[in-house]
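Asks: Each chain, letter by letter, is given below.
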Amino acid sequence: QQQVKQSPQSLIVQKGGISIINCAYENTAFDYFPWYQQFPGKGPALLIAIRPDVSEKKEGRFTISFNKSAKQFSLHIMDSQPGDSATYFCAASYGSGGGADGLTFGKGTHLIIQP
Amino acid sequence: GAGVSQSPRYKVAKRGQDVALRCDPISGHVSLFWYQQALGQGPEFLTYFQNEAQLDKSGLPSDRFFAERPEGSVSTLKIQRTQQEDSAVYLCASSLWWDASSGNTIYFGEGSWLTVV
Chain A
1 QQQVKQSPQS LIVQKGGISI INCAYENTAF DYFPWYQQFP GKGPALLIAI RPDVSEKKEG
61 RFTISFNKSA KQFSLHIMDS QPGDSATYFC AASYGSGGGA DGLTFGKGTH LIIQP
Chain B
116 GAGVSQSPRY KVAKRGQDVA LRCDPISGHV SLFWYQQALG QGPEFLTYFQ NEAQLDKSGL
176 PSDRFFAERP EGSVSTLKIQ RTQQEDSAVY LCASSLWWDA SSGNTIYFGE GSWLTVV
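Respectively, the protein sequence lines represent chains A and B.
Quick note: the first sequence uses the working numbering, first residue 1, plus one each step.
Quick note: the second sequence uses the working numbering, first residue 116, plus one each step.
To be clear about the criterion: a stretch of chain B counts as covered by chain A if any three or more of its residues have a C-beta under 8 Å from a C-beta of chain A, and this derived list gives those stretches:
hint, region
1, 155-169
2, 219-228
Negatives, chain B to chain A, calculated, CB over 10 Å:
hint, residue
3, Ser122
4, Gly143
5, Phe180
6, Phe181
7, Asp201
8, Leu211
Pairs of lysine-lysine residues, derived as BS3-like cross-links and limited to a Cα-Cα distance of at most 27 Å, are as follows:
hint, chain 1, residue 1, chain 2, residue 2
9, A, Lys71, A, Lys107
10, A, Lys42, B, Lys126
11, B, Lys172, A, Lys42
12, A, Lys42, B, Lys129
13, B, Lys193, A, Lys42
Quick caveat, the hints were computed from the structure, so don't treat them as lab data.
Ideal Cβ placement from N, Cα and C applies to all residues, glycine included.
Please build the complete structure, drawing on both the sequences and the hints.
Replies: Structure representation (structure tokens):
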């Protein structure tokens, strides 16, 4: 059972456009929702993260929108640049108080920004 | 070190061979994770350590997989009698203290690419 479903699988956006990647989760115990960026041959790197007590978080050109009732969250990349071309993973976790579990990842979105 | 360091970066093993993958977490990081990433997929949780204690090994796919962190710093993931389905990137990650409420970031290494032939 896949606990975090991510879409689309791949995305092509023109330079300067808005890239939107969506994720849906099933486990209502999740309370931490990060997005990771991964370049070929590299490990995932944290991009931005949100907790369910806020509906939106913005850092530079990157924004997470969170809908707790729908159990969905999305990543918006404004003014997309060729350097943003990478694979993006949403993830979710719970474990307040030192719980183990770590992160449950989506399957990833391969983003290509065309110049 | 500046980041999570993994070795070897690339390993080709013959089916049935034992392999050992090493992870050097960021200095001072208490929490350490191992993930498996198949080609074109997201990372999947294998196991978690807090200092030297292995608190969760529920993601290890079989008893051929074994992980240890005897002194609470360096960790080794060992795979015995490797099979072709073990071919994947094995990612190590560390965090100062993992707690979903703490806001501490989980940092990933670049991975060990294992190919079983």
